[in-house]
Amino acid sequence: MTDLSFLTQLFNQKKISRRQFITGVSALGLTAALSPALLSGNAMAATPRKGGTFRQAMTGGATSDSLDPAALLASQPINVSTQLSNCLVEIDHNFKPVPELAEAWDASADAKIWTFKLRKGVEFHNGKSMTAEDVIYSINHHRGEESKSAAKPFLKSVQNIKSDGKHIVVFELDQGSADFPFIMGDYHLRIYPDGTQGKDWEKGIGTGGYI
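The numbers in our numbering rise by one with no breaks, and the one at position 193 of the sequence shown is 193.
These are computed hints drawn from the structure, not numbers from a lab. Cβ atoms here follow ideal geometry from the backbone N, Cα and C, with glycine treated the same way. Please note that a few of the clues may not be correct.
[Claimed, not checked] Quick list of the computed label-pair ranges, beta carbon to beta carbon:
no. : residue 1 : residue 2 : range
1   : Ser5      : Lys120    : 15 to 21 Å
2   : Gln56     : Lys128    : 23 to 29 Å
3   : Asp179    : Ala57     : 32 to 38 Å
4   : Asp200    : Ser5      : 49 to 55 Å
Sequences and hints are given; from them, build the entire structure.
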């Protein structure tokens, strides 16, 4: 039995941790051996379940870091923010906009009016149901005259945002933009409850999978 086979066997039998396995493989100079094909089904990720605690080690971090989406600059708060909250749109691995908090969208013929249909039944961590007003507030947070958000320039063409019921948000642009859904996938444009401000941002009350 080779050293690699022995390490793989120990890992699949849960006699060593993933960290110990990676350390051992690295010592052998066999980084390619980290392929998932080497590991049995028991060693792969289990079926997702609710509950538990997620811990992630990261470098960096500063006392000035903030979870205010308009102030997201460093990798650490950006990473935390993406776990606590969601955007209307997500950009997938093929660099295509796909539904996240919005389940669908369409545009007028001139691409100046964009209508986003929100998912129903979405709740914030405080139990409040997400509505169009939360989306409008969250996007406008980046549009104010005093806003220093890095996303502000991307929203320059937005002239007005309005609701058409609880689950429809309409964006009116001053010029056509076929790429507007991509803008809604920008990591700054995360959706939080209407009225969130100041120290409320640090509470992390979003719609994400972690709290």
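These are the hints, each one checked on the structure:
no.: 1; hint: Ser5 to Lys120: 15 to 21 Å; result: violated, 51 Å
no.: 2; hint: Gln56 to Lys128: 23 to 29 Å; result: holds, 27 Å
no.: 3; hint: Asp179 to Ala57: 32 to 38 Å; result: holds, 36 Å
no.: 4; hint: Asp200 to Ser5: 49 to 55 Å; result: holds, 54 Å
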